[in-house]
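Q: Chains as they are written, first to last, in our numbering: chain A, 850 to 1138; chain B, 573 to 886.
A hint or two may mislead.
Unchecked claim - Have a look at the derived ranges for each label pair, beta carbon to beta carbon:
#, chain 1, residue 1, chain 2, residue 2, range
1, A, P1052, B, M641, 42 to 48 Å
2, A, G1021, B, G628, 56 to 62 Å
3, A, P1057, B, T787, 35 to 41 Å
4, B, V726, A, T905, 26 to 32 Å
5, A, L896, B, V809, 52 to 58 Å
6, B, V742, A, L896, 51 to 57 Å
To be verified - List of simulated lysine-lysine pairs, BS3-like, C-alpha gap at most 25 Å:
#, chain 1, residue 1, chain 2, residue 2
7, B, K791, B, K695
8, B, K696, B, K791
9, A, K912, A, K1098
10, A, K870, B, K696
11, A, K870, B, K695
If you are wondering where the hints come from, they were derived from the structure by calculation, not from laboratory data.
Even for Gly, the Cβ is constructed at its ideal location relative to N, Cα and C.
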Amino acid sequence: MSVAALETEVIAPARSRVLTKFLRNRSAVIGAVMVGIFVALAVLAPLISPYDPNQTNFAALRKPPSMAHWLGTDELGRDILSRVMHGGIASLYAGVLSVAIALLIGLPIGLAAGWYTGAVDAIISRATDALLAVPFLILAIAFAAALGPSLTNAMIAIGLSQVPIFVRITRGQVLAIRNEDFIEGARAVGVADFMILLRHVTPNIMPPLLVQATLTVAVAIIAEASLSFLGLGQQPPAPSWGSMLNTAKNFLEQAPWMSFSPGAAIFFVVLGFNLFGDGLRDALDPRET
Amino acid sequence: MWSLILRRIMVAIPTLFLVMVFVFILQRLLPGDPLLVMAGEERDPAVLEDLRKLYGFDQPLPMQFLIWMREVFSGNFGVSLRTSIPVTELIAQTLPVTIQLAVASIIIALLIGIPMGILAAVKKGTTVDYVASAVSLSGLSIPNFWLGIILILVISVQLRWLPASGFVSVFDDPVEALRVTIMPAFVLGSGLAAALMRHTRSAMLEVLRLDYIRTARAKGLLPHTVILRHALRNALVPIVTLSTLLFGQLLAGAVLTEQVFTIPGFGKLIVDAVFNRDYGVVQGVVLCTAVAFILMNLIADVLYILINPRLRTG
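Just chain A, with the same shape it has in the complex (with noise of 0.2 Å):
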């Protein structure tokens, strides 16, 4: 069979099976649209928010709701709907960047232990089990200490605490195919690994590896706004969910409206992401009818 014969006989009916599996869950849609609206308002955010995220109003201190500010104003001022939507600026870099990351140091180390087996495997893998033994989160503050406190060193700290994730995924999906027939054919008519590795085995272990960077996302909004919560991600003035929650718990009493939105932003989208990486998970997996 010639690869375009198989592209239109083989793949594209698979690609079609797995879209209509996942068109049918309704959970994964409105996950997938809670993503999609996520992504438009945080691109769009400079274009459509009302008012500039960092400009202050002394007039306007600590405003409840109003058709002016539609949620409220914060200790200085600022408008907090026009500082959510550019807070999620923050948070999709986070997420995108962070699992970007984690995916491009994950996925050839995991490739390298799955297919050299041995020494190489054996010593990727006590790593991989040393950095998952501290707890993400104290893994990443440890991170973000020794960088330094910004949104960048956030990101990176968040994406090398998930690299430990990634690297055993795909060791197991490589190890999974490894000795498939496509595998040892190749092998055979003398192609060099590095282009078995590159042509054949990394488009054959992307999809769980697309499951686990979209639920990744989920977690990587969450640990940037916890570090940003804790004052180790995105510094003030400029905006983010985390640092947001952690001004506004400072006001629970005088103006409770602060604290709402911005952990309501990290929920839905969180939710969102969790949705879509189940559905995903669900369409993919050939077992799910």
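Using the hints, position chain B against chain A.
A: Just chain B now, kept in the frame of chain A:
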């Protein structure tokens, strides 16, 4: 069985060694010279040189690692660079606080998570199942520090039912301890309850399909006897091991919960240490956490072998 347990212990040793290497490297990555903090304001070069010799910082790195390892194995995790209090002492002061919080949150998680999981599995595909699954997914998605803030806002600020912060030991005043601990414990336990519910549901669904359950039902046993005595007992095997693995999640959650409720525990110790640039404490706490986590993993593995009859006889 014993060889299996021994093998698990043997695997834990290199992991522990690598954790130590990692913590050591992390300490070297940290910005600034820790000795400058210790030398105080004046930073007399002679004092600095003495401190360098005293702590072995004048030695090559591998030698420093060996010296540090020797200290750790003799129970010396280092000293706080700010207060000169040994890290082990600081951990001993704060750990009971976090343990009280953790135990309370585990009880709450078990009381909510397991019954909800059983109910969702037994009533699979019904409204009960959907509601339980939705609650569980919400529990996994809600940032616990936000849940804490909202609870403080409603229960402490508006209704004035419970105190918003502080800590009382259960051994000093059990009633006040319960009042102070219940809210943070619920916040910390909600995520665990959600995870437990999901795992209980899937473990129960696996077991409820098996032949021996059908036999038990065919014998005419009461439904609750089949579920609680026959199904749950087997479904508990993966749940027990999972519970020990949730320990890591618990510790990480404690960092944030203690920050929200101003509880002077283990989590607050590490956050304060990071802000005070007290690297001795950060290093000691990370190492201590990792060692505890490896031990919990080991216990989970051993428990799994002990309570799984197929591995026990093997």
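Q: Next, verify each hint and record whether it holds.
A: Here is what the structure says about each hint:
{"no.": "1", "hint": "P1052/A to M641/B: 42 to 48 Å", "verdict": "44 Å, holds"}
{"no.": "2", "hint": "G1021/A to G628/B: 56 to 62 Å", "verdict": "41 Å, violated"}
{"no.": "3", "hint": "P1057/A to T787/B: 35 to 41 Å", "verdict": "36 Å, holds"}
{"no.": "4", "hint": "V726/B to T905/A: 26 to 32 Å", "verdict": "29 Å, holds"}
{"no.": "5", "hint": "L896/A to V809/B: 52 to 58 Å", "verdict": "55 Å, holds"}
{"no.": "6", "hint": "V742/B to L896/A: 51 to 57 Å", "verdict": "55 Å, holds"}
{"no.": "7", "hint": "K791/B to K695/B", "verdict": "21 Å, holds"}
{"no.": "8", "hint": "K696/B to K791/B", "verdict": "23 Å, holds"}
{"no.": "9", "hint": "K912/A to K1098/A", "verdict": "16 Å, holds"}
{"no.": "10", "hint": "K870/A to K696/B", "verdict": "20 Å, holds"}
{"no.": "11", "hint": "K870/A to K695/B", "verdict": "24 Å, holds"}
Hint 2 from the list above is the single one not met by this structure.
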